[in-house]
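A.B. asks: Use the sequences and the hints to build the structure in full.
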Amino acid sequence: MTKQPILDVRGLTMDFGGIRALNSLDLDVTSGEIVALIGPNGAGKTTFFNCITGIYTPTEGNIWLTPPGGKKKISLNGLKPNQVTEKGLARTFQNIRLFSKMTVLENVMIGRHCRTKAFIFGAIFRTKATLQEEQDILQSSYAILEKVGMADFADEFADNLPYGAQRRLEIARALATEPLLLLLDEPAAGMNPQETQSLEHLIKQISMEGQAILLIEHDMKLVMSLSDRIFVMDYGKKIAQGTPLEIRENPAVIKAYLGEEVDA
Amino acid sequence: MGIVKELKKGALISLWFVFLTFPVMVIKVDPIARTVVWRWENALYMAVGTFVVYYIAQFFLKKKENQKEASEEKGLNHSIIHKILQNPLQRNIFVGVLAVAAVLFPQVLSAYQTNVMTTALMYVVLGLGLNIVVGLAGLLDLGFVAFYAVGAYTYALLNHHFGLGFFTVLPIGGLMAATFGILLGFPVLRLRGDYLAIVTLGFGEIIRLVLENWGEFSQGPSGISDISRPGFFGVDFDLQSSIIYTYYLMIILVIVTIFVVNRLQDSRLGRAWIALREDEVACQAMGIDKRKTKLVAFSLGAFWAGIMGVMFAAKTTFVNPASFTFLESAIILSIVVLGGMGSIVGVVLGALILILMPEYLRALSQYRMLAFGAILVCMMIFRPQGLISNIRRTYTFKKKTTNSLSK
Ligand SMILES: Nc1ncnc2c1ncn2[C@@H]1O[C@H](COP(=O)(O)OP(=O)(O)O)[C@@H](O)[C@H]1O
Ligand SMILES: [Mg+2]
Numbered sequence: 001m002t003k004q005p006i007l008d009v010r011g012l013t014m015d016f017g018g019i020r021a022l023n024s025l026d027l028d029v030t031s032g033e034i035v036a037l038i039g040p041n042g043a044g045k046t047t048f049f050n051c052i053t054g055i056y057t058p059t060e061g062n063i064w065l066t067p068p069g070g071k072k073k074i075s076l077n078g079l080k081p082n083q084v085t086e087k088g089l090a091r092t093f094q095n096i097r098l099f100s101k102m103t104v105l106e107n108v109m110i111g112r113h114c115r116t117k118a119f120i121f122g123a124i125f126r127t128k129a130t131l132q133e134e135q136d137i138l139q140s141s142y143a144i145l146e147k148v149g150m151a152d153f154a155d156e157f158a159d160n161l162p163y164g165a166q167r168r169l170e171i172a173r174a175l176a177t178e179p180l181l182l183l184l185d186e187p188a189a190g191m192n193p194q195e196t197q198s199l200e201h202l203i204k205q206i207s208m209e210g211q212a213i214l215l216i217e218h219d220m221k222l223v224m225s226l227s228d229r230i231f232v233m234d235y236g237k238k239i240a241q242g243t244p245l246e247i248r249e250n251p252a253v254i255k256a257y258l259g260e261e262v263d264a
Numbered sequence: 265m266g267i268v269k270e271l272k273k274g275a276l277i278s279l280w281f282v283f284l285t286f287p288v289m290v291i292k293v294d295p296i297a298r299t300v301v302w303r304w305e306n307a308l309y310m311a312v313g314t315f316v317v318y319y320i321a322q323f324f325l326k327k328k329e330n331q332k333e334a335s336e337e338k339g340l341n342h343s344i345i346h347k348i349l350q351n352p353l354q355r356n357i358f359v360g361v362l363a364v365a366a367v368l369f370p371q372v373l374s375a376y377q378t379n380v381m382t383t384a385l386m387y388v389v390l391g392l393g394l395n396i397v398v399g400l401a402g403l404l405d406l407g408f409v410a411f412y413a414v415g416a417y418t419y420a421l422l423n424h425h426f427g428l429g430f431f432t433v434l435p436i437g438g439l440m441a442a443t444f445g446i447l448l449g450f451p452v453l454r455l456r457g458d459y460l461a462i463v464t465l466g467f468g469e470i471i472r473l474v475l476e477n478w479g480e481f482s483q484g485p486s487g488i489s490d491i492s493r494p495g496f497f498g499v500d501f502d503l504q505s506s507i508i509y510t511y512y513l514m515i516i517l518v519i520v521t522i523f524v525v526n527r528l529q530d531s532r533l534g535r536a537w538i539a540l541r542e543d544e545v546a547c548q549a550m551g552i553d554k555r556k557t558k559l560v561a562f563s564l565g566a567f568w569a570g571i572m573g574v575m576f577a578a579k580t581t582f583v584n585p586a587s588f589t590f591l592e593s594a595i596i597l598s599i600v601v602l603g604g605m606g607s608i609v610g611v612v613l614g615a616l617i618l619i620l621m622p623e624y625l626r627a628l629s630q631y632r633m634l635a636f637g638a639i640l641v642c643m644m645i646f647r648p649q650g651l652i653s654n655i656r657r658t659y660t661f662k663k664k665t666t667n668s669l670s671k
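Chain order of the listed sequences is A and B. Counted from 1, the first sequence has number 122 at position 122 by the numbering used here; the numbering is strictly sequential. To convert, count from 1 in the second sequence and add 264; that's the numbering used here.
No wet-lab data here; the hints were simulated from the structure. Please note that the accuracy of each hint is not assured.
[To be verified] When the alpha-carbon atoms are kept at most 20 Å apart in a straight line, the in silico SDA-like pairs for lysine to any residue are as follows: (1) K101(A) / L651(B); (2) K80(A) / K554(B); (3) K554(B) / S100(A); (4) K554(B) / I120(A); (5) K147(A) / E178(A); (6) K80(A) / E544(B); (7) K147(A) / K80(A).
No experiment lies behind these values; they were computed from the predicted model shown.
C.D. replies: Below, the structure written as structure tokens:
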């Protein structure tokens, strides 16, 4: 443990009325890593994302974010979703939530919102600074679209895109916020094998550029080939953690997954 | 088989209408002769009429659907106005003609017509203000008239008690309304859709009821009279020239509003509003401060209503609470919806049509409002997206991106 983790979650617990969706969960992600969070449906993975991004307020537990470069760690507890994003966590949604009546480019431009600051005055008087900032937003958004291979669709409305492209756009939009850690919630869900493969390629490419990624995914092939470490949860509890190899052999994991199959 | 089904449906609908209109159309009671006349022939007319109208409507709906499919295939959704506005030469000619018409209007037409036009222009600004809240930010506000009232009473009271002039109070009225916009904004931050609509509706009524009942403050239902008209460096106008002067003032205000609203809509803030309208959760997750963005939308929308309130008080020289009923909010909302949510050109057109049409329908005398209602209903059936749907986002950014690429 020489490296300081970027994200450090300790004892995270979330109750919905009588249901304990998360039960004292610990999880950490170090810079440059791809970490996967897996588990059967209803295990609480999306709830975990919602808790650390401020959409839900966890019942208990601490969430720490440490910017690289020996900076002090920041507590994310009690922050609003937009503040969490500002601090450096950006996410995609399991059920796609794009701005459907905006163009692809504009969707990405929204991601730049928290890194820019023009307001009423700048908007009305189009000051030099505002014009420059708008240009920067356009350029960087366009560059991100090129990175994810969607520049050709820039002027298309988001809801006219095929399904796989919509998931890619969600990733592009999240990247535009310049996150320290990128959270992907089942990015391959509903994709065909080709789309999944090109997604794998994209995630690898982003990771190569040094982006830390926390990934929720059901596609085991994808998880095994991408992740450095895997966390497995079931019924809100962490049941295993380790490298892909260790997880593959872990009896508790096999039981959780087989159990699910028998139930289904 | 399809035809039989259609015929059956048409027949059923006719029957239903005959039933609905039966008491009015068929039964006629003569209270003096104490007889009941059964006008069965009316039921027949009703049935045949409904049947025919139903098929005409069906025909147009079908045609429209086909058109829509065709235009979607070609990616052509642009209306004529947008085509004109996109072409620089045509746009300059269009704007030039419009400017000349606007300047000549009061010279050519009567003071009465000018006055009506001034009113319509006021609704243009009101519509553009509400468009920020409803069209862009997607917050259904049914109490917009409250801010109009705040502006009007700000001028009325300041003029009555302190003798402040129109131009001094114009910005004060706007800022006052903007402040009320924030005051309303705070409690409704968490609400959306129907709930928001109900609360804003209540807010509008509260303002009106306070003005009606707090006599010492607002002089109650009898209102405040003898408010000064807009001044011009101390020149005294007669009524005729004052009407013309007010008209030109209004033209300037409309231009300023269009300019400002267009820039707002086309900015970082405008994008944030639209994102908020599209998906609140995703919007926050992308780092947009929901509270701030909503409050700014409420207050900027209210600002224009406040300005128009001042204008209204100055134009009519009299305000009382009866001018600020829910009907007023409903009309402004209709302008935004009819014109096309989020579209500036649409809202301008919507306001002109909605305010001028009842004037020019006067020829139909007692059927005026009926015709007005029928036209509105038809509009919503055949063009639910409004007269002009907003399409700016596709082309504005294309232009910009090519710029940024060639750079
Ligand atoms: N807002 C909520 N209210 C009540 N229960 C919830 C809520 N969100 C999630 N849950 C419950 O928490 C559990 C975990 O759900 P979720 O995190 O979506 O699972 P996963 O993403 O792992 O499939 C489920 O039992 C779900 O019903
Ligand atoms: Mg989930």
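A.B. asks: Taking the hints in turn, state whether each one holds.
C.D. replies: Structure-based check of all given hints:
1. Restraint check: the Cα-Cα separation between K101(A) and L651(B) comes to about 18 Å, which is no more than 20 Å; the hinted pair holds.
2. With a CA separation close to 10 Å, the supplied pair K80(A) and K554(B) stays within the 20 Å bound.
3. The straight-line distance between the Cα atoms of K554(B) and S100(A) is roughly 18 Å, inside the 20 Å bound, and the hint therefore holds.
4. With a CA separation close to 16 Å, the supplied pair K554(B) and I120(A) stays within the 20 Å bound.
5. With a CA separation close to 14 Å, the supplied pair K147(A) and E178(A) stays within the 20 Å bound.
6. With a CA separation close to 13 Å, the supplied pair K80(A) and E544(B) stays within the 20 Å bound.
7. Among the hinted pairs, K147(A) with K80(A) is inconsistent with the structure: their alpha-carbon atoms are about 29 Å apart, more than 20 Å.
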